[in-house]
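With the hints as constraints, model all of the structure from the sequences given.
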Amino acid sequence: MLAIWLSLALGPVSLPLFDTLRAALRLIGLPIAPDGLEQAELILGQIRLPRTLLGLAVGGVLALSGVAMQGLFRNPLADPGLVGVSSGAALGAAIAIVGGSVFGGLPESFGPYLLSVCAFLGGLGVTALVYRLGRRNGQTNVATMLLAGIALTALAGSAVGLFTYLADDATLRTLTFWNLGSLNGASYSRLWPLLLVSTGVALWLPRRAKALNALLLGESEAGHLGIDVEGLKRELVFCTALGVGAAVAAAGMIGFVGLVVPHLVRLLAGPDHRVLLPASVLAGASLLLFADLVARLALAPAELPIGIVTAFIGAPFFLYLLLRGRA
1 MLAIWLSLAL GPVSLPLFDT LRAALRLIGL PIAPDGLEQA ELILGQIRLP RTLLGLAVGG
61 VLALSGVAMQ GLFRNPLADP GLVGVSSGAA LGAAIAIVGG SVFGGLPESF GPYLLSVCAF
121 LGGLGVTALV YRLGRRNGQT NVATMLLAGI ALTALAGSAV GLFTYLADDA TLRTLTFWNL
181 GSLNGASYSR LWPLLLVSTG VALWLPRRAK ALNALLLGES EAGHLGIDVE GLKRELVFCT
241 ALGVGAAVAA AGMIGFVGLV VPHLVRLLAG PDHRVLLPAS VLAGASLLLF ADLVARLALA
301 PAELPIGIVT AFIGAPFFLY LLLRGRA
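In the UniProt record's numbering, the protein residues as written are 1 to 327.
No lab work stands behind these hints: they were computed from the structure. Predicted model, so just to flag it, every value in this text is computed and none were measured. Take these hints with a grain of salt, some might be off.
[Claimed, not checked] Straight line, CA to CA, 25 Å or less: simulated SDA-like cross-link-like pairs of lysine to any residue:
hint, residue 1, residue 2
1, K210, V229
2, K210, T174
3, K210, G270
4, K210, L114
5, K210, T199
6, K210, N141
Here you go:
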């Protein structure tokens, strides 16, 4: 096992070390079959490791985006989908899947990349339009942006429904499973763009923790404390669009992580964003890995879409919050 993890960590350079450690294990009397060990290395390095890293990145960036949106709207029940990024990504993916089918199918060489790029651009495009609709006289009205996000989310949903109606059976199955979310088929080619985006978001948003704390007092109060409120709004919307767009492009639609995780961490650790942001990254990554474990084992050997599992976890928790607020 030590040889396997060293080989995974060091990559192709570790092959001589891997052979040396295997020889050492034989010398101390541990019979290791070469084929079995190489197969274990292949499974861990090419299947399990990228899937685990994908789950960590998706869960962490969705939770961070949830904190950003809840800070922007000053509402602990806000969700990243309020700015339309999730619905825009779904529309972009529907265009790629159904459009590719109409024109003879997506080429195998760049089909997955085209799907991810279209989903990412769709999320960014809808978010940019929501932000533009929320601007007036050089100011961003959060309430207007929220209403624009709801309207464009409904419009994008109807467009996705139209593409679903036009799709054939095979394309409909692909579109349906993509909308339910999954970490299945994770690969390093899908992983690296998400890792770059999620790392950038995870490094940038904690730098704005004090500004988010000031924003909790209100926009006017934050301005009096020297915070560039308009600049902060742009940063929060931009980071959310990048993070959620990249996550949806890599793993499909996965709901409730950005809603449940920040609120749960806030209940445990308080509203201070200096603690809330890093804690939400860890909690979001852990939640998605747990959901992926349940998705793989609940109906084994079949695999549940991970979006179903997160909905089963998030919806009861959301109802609990509503009932708790009424008590």
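Against the structure, the hints:
no., hint, in the structure
1, K210 - V229, "12 Å, holds"
2, K210 - T174, "43 Å, violated"
3, K210 - G270, "14 Å, holds"
4, K210 - L114, "38 Å, violated"
5, K210 - T199, "20 Å, holds"
6, K210 - N141, "22 Å, holds"
In terms of the numbered hints stated before, the structure departs from hints 2, 4, listed from lowest to highest.
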